[in-house]
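First to last, the sequence lines map onto chains A and B. Going left to right, the first sequence walks through residues 1 to 306 as my numbering numbers them. Going left to right, the second sequence walks through residues 1 to 259 as my numbering numbers them.
Hints should not be assumed to be uniformly reliable.
Restricting the straight-line Cα-Cα distance to at most 30 Å, the calculated cross-link-like pairs of lysine-lysine (DSS-like) are [to be verified]:
| no. | chain 1 | residue 1 | chain 2 | residue 2 |
| --- | --- | --- | --- | --- |
| 1 | A | LYS77 | A | LYS270 |
| 2 | B | LYS195 | B | LYS154 |
| 3 | B | LYS154 | A | LYS186 |
| 4 | B | LYS46 | B | LYS99 |
| 5 | B | LYS98 | A | LYS77 |
| 6 | B | LYS45 | B | LYS55 |
| 7 | B | LYS92 | A | LYS186 |
| 8 | B | LYS98 | A | LYS186 |
| 9 | A | LYS270 | B | LYS99 |
| 10 | A | LYS270 | B | LYS154 |
| 11 | B | LYS247 | B | LYS233 |
| 12 | B | LYS176 | A | LYS186 |
| 13 | B | LYS233 | A | LYS270 |
| 14 | A | LYS77 | B | LYS99 |
| 15 | B | LYS233 | B | LYS248 |
| 16 | B | LYS132 | A | LYS186 |
| 17 | A | LYS156 | A | LYS277 |
| 18 | A | LYS91 | B | LYS154 |
| 19 | A | LYS270 | B | LYS55 |
| 20 | B | LYS91 | A | LYS186 |
| 21 | B | LYS99 | B | LYS132 |
| 22 | A | LYS270 | B | LYS91 |
| 23 | A | LYS91 | B | LYS91 |
| 24 | B | LYS154 | A | LYS156 |
| 25 | B | LYS195 | B | LYS248 |
| 26 | B | LYS91 | B | LYS176 |
| 27 | A | LYS186 | B | LYS99 |
| 28 | B | LYS92 | A | LYS77 |
| 29 | B | LYS98 | A | LYS270 |
| 30 | B | LYS98 | A | LYS91 |
| 31 | B | LYS92 | B | LYS132 |
| 32 | B | LYS132 | A | LYS91 |
| 33 | A | LYS77 | B | LYS91 |
| 34 | B | LYS154 | A | LYS99 |
Derived from the structure by calculation, the hints contain no laboratory data. These numbers were taken from a predicted model, which means no experiment stands behind them.
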Amino acid sequence: MQQSQEERGPLENGSPKEKQRIIRRIVSQLTPHQSQNSHLEGDIAPKGLPEAIPVSRMGAFFLKVSSLTIFTLRFFKEVFRPPYEFHELAKQSFLIGYKSFPLVGITGFIIGLVLTIQSRPTLAKFGAEAWLPAMVAVSIIREIGPAITALIFAGKVGSGIGAELASMNVTEQIDAMQVSGTNPFKYLVVTRVLSATLMLPILVILSDAIGLFGSYVAVNLNGHVSAYLYFSQIFQSLEYKDLLPAFVKTFFFGFAVGIIGCYEGYNANKGTEGVGKAANAAVVFASLMVFIIDMIAVQITSLFQN
Amino acid sequence: MSAIEAAAVTEHAHHQDDHVVVAMEHLEKSFGDNHVLRGIDLVLKKGENLVLLGKSGTGKSVLIKCVVGLVDCDEGNLFLFGQNVADLDEKKLMDIRKKIGFLFQSSALYDSMTVRENLEFPLNRQQQPIPKEEMESLVREALQNVGLAEAIDKTPLELSGGMRKRLGLARTLILKPEIMLYDEPTAGLDPITSKEISNLILEVQQTYGTSSIIITHDIDCARRTANRIIIMKDGVCVAEGSYADLKKSADEWIRSFFE
Ligand SMILES: Nc1ncnc2c1ncn2[C@@H]1O[C@H](COP(=O)(O)OP(=O)(O)OP(=O)(O)O)[C@@H](O)[C@H]1O
Ligand SMILES: [Mg+2]
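Please model the complete structure; the sequences and the hints are all you need to start from.
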């Protein structure tokens with residue numbers, strides 16, 4: 001073992017958890033070290049790296065991105081390999097999907113309502129009030145529904161997964177699983193990432209529907225409009241090319257939230273403060289990732305639509 | 001100390017022996033520049049209780065984590081049941097590790113599960129599924145053994161420290177491991193509960209013929225359970241012998257453990 005470890009290097013040979021530890025160690029060694037140097041070098045001889053502090057932060061950032069990439073690759077390696085944890089997958093899907101529904105539903109309703117009320121005066125100014133349902137529907141389904149739902153999802157599910165796995169890590173529960181012959185990555189990470197990936201699209205569809213209903217309620221605040229008329233107007237205005245890209249990107253949102261929550265939790269520092277940090281980092285990083293994916297998705301769709 | 005060196009020499013021949021279940025040859029492990037294990041030579045014989053003593057932070061926990069693969073050692077050889085761990089593929093290693101039970105210093109109970117589910121978890125992870133009735137009786141028996149029968153539907157958070165330790169023990173023992181690694185089984189417990197746990201460890205040894213490594217700071221537990229004691233200092237084993245021998249050792253530092 002020792003010889004081969006020497007040959008292949010610890011990053012290829014060590015257990016994945018060990019790899020994460022090594023990467024973390026490299027990060028922790030790089031960061032303070034370089035910033036210390038930068039103090040010295042800044043004062044005495046500004047040779048070498050001119051902006052040592054930003055570089056070390058950049059270095060830490062790239063190390064994080066690369067270890068997240070390793071983590072993601074490991075996910076794809078493990079997800080197809082038996083044994084499959086169907087029971088845990090079902091349980092997590094229920095927890096992740098069902099428990100987030102009330103929050104997502106309320107938000108969707110309010111967004112639909114508010115968006116309609118806010119848009120009406122502007123459209124009325126141009127005499128285009130008749131376009132109100134169509135405009136609201138397109139904005140909810142194309143952008144606002146998926147993005148808001150994904151952000152709420154990142155806040156609720158991402159932080160939940162991050163905190164849960166981090167506290168399991170701190171209290172050695174993950175080690176205990178490994179010792180009892182379970183692959184904790186498969187049991188904990190794969191199931192949660194899959195559940196998040198599969199549940200978010202469903203939540204977005206529900207949230208969109210509730211948002212449209214909220215919009216219908218708002219329209220009705222200014223005089224009666226029949227539901228048939230309202231919804232037929234909406235469906236006339238919606239096209240396949242609105243629905244499909246909006247739907248596809250939600251899988252990526254869900255995946256990002258799941259994998260980042262798991263990554264932060266699984267690699268949390270030992271100690272109780274690690275739990276809070278993991279939950280916090282999961283939300284921040286996952287929300288940012290949602291926006292980045294959204295931006296990429298917009299570029300790709302507009303590329304195809306033009 | 002010359003006796004220990006002699007023992008270390010004979011160990012090399014021993015690792016293929018049927019009576020040796022765990023053999024370590026010059027294990028080393030560092031965390032960064034913290035050189036924790038500095039060449040450990042140790043054998044665990046079949047059916048014996050081996051107690052590991054040593055000051056806090058000498059790497060006792062790290063040592064037994066190497067045995068179950070939670071920590072990868074940097075140097076040296078580890079033999080489990082006569083097979084060099086380095087020569088085994090992942091699946092074989094997994095099969096061997098399933099024969100090893102590990103009681104964590106922190107108990108490491110699954111907080112999101114009930115006591116029953118904690119015990120069912122390792123059973124559900126077996127190759128062949130275990131029928132429901134058998135599972136139920138195994139769970140009941142395991143809880144009975146540690147005196148927790150009435151706590152079956154509680155969650156670990158509702159248990160006291162001693163109960164958590166005993167539940168951790170029940171969860172580890174439910175698979176009837178051939179090797180047991182106890183990390184401070186009596187730490188933080190009152191003398192009576194400690195005595196109960198020590199007796200339980202003895203019972204496990206006698207009924208299942210388990211070979212165990214027991215890490216403890218509790219000298220009473222060591223006296224009750226040990227067939228052999230090894231003392232660790234600065235990442236190496238510095239003394240070995242029976243309780244009685246070490247207690248009247250010439251070395252004052254060693255004697256100080258037994259006061
Ligand atoms: N995962 C880890 N990463 C870095 N250092 C570690 C890790 N685990 C243990 N150490 C270090 O290894 C040394 C030995 O730790 P270990 O837990 O084995 O001590 P111990 O002998 O079990 O002490 P105690 O009796 O207090 O439990 C300590 O200095 C600790 O800081
Ligand atoms: Mg310890």
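Verification of the supplied hints:
no., hint, result
1, A:LYS77 / A:LYS270, "holds, 26 Å"
2, B:LYS195 / B:LYS154, "holds, 25 Å"
3, B:LYS154 / A:LYS186, "holds, 27 Å"
4, B:LYS46 / B:LYS99, "holds, 13 Å"
5, B:LYS98 / A:LYS77, "holds, 23 Å"
6, B:LYS45 / B:LYS55, "holds, 24 Å"
7, B:LYS92 / A:LYS186, "holds, 19 Å"
8, B:LYS98 / A:LYS186, "holds, 17 Å"
9, A:LYS270 / B:LYS99, "holds, 28 Å"
10, A:LYS270 / B:LYS154, "holds, 27 Å"
11, B:LYS247 / B:LYS233, "holds, 17 Å"
12, B:LYS176 / A:LYS186, "holds, 25 Å"
13, B:LYS233 / A:LYS270, "holds, 25 Å"
14, A:LYS77 / B:LYS99, "holds, 27 Å"
15, B:LYS233 / B:LYS248, "holds, 18 Å"
16, B:LYS132 / A:LYS186, "holds, 24 Å"
17, A:LYS156 / A:LYS277, "holds, 15 Å"
18, A:LYS91 / B:LYS154, "holds, 20 Å"
19, A:LYS270 / B:LYS55, "holds, 22 Å"
20, B:LYS91 / A:LYS186, "holds, 15 Å"
21, B:LYS99 / B:LYS132, "holds, 22 Å"
22, A:LYS270 / B:LYS91, "holds, 29 Å"
23, A:LYS91 / B:LYS91, "holds, 27 Å"
24, B:LYS154 / A:LYS156, "holds, 27 Å"
25, B:LYS195 / B:LYS248, "holds, 24 Å"
26, B:LYS91 / B:LYS176, "holds, 20 Å"
27, A:LYS186 / B:LYS99, "holds, 21 Å"
28, B:LYS92 / A:LYS77, "holds, 20 Å"
29, B:LYS98 / A:LYS270, "holds, 26 Å"
30, B:LYS98 / A:LYS91, "holds, 26 Å"
31, B:LYS92 / B:LYS132, "holds, 28 Å"
32, B:LYS132 / A:LYS91, "holds, 20 Å"
33, A:LYS77 / B:LYS91, "holds, 16 Å"
34, B:LYS154 / A:LYS99, "holds, 23 Å"
Violated hints are absent here; each numbered hint is respected by the structure.
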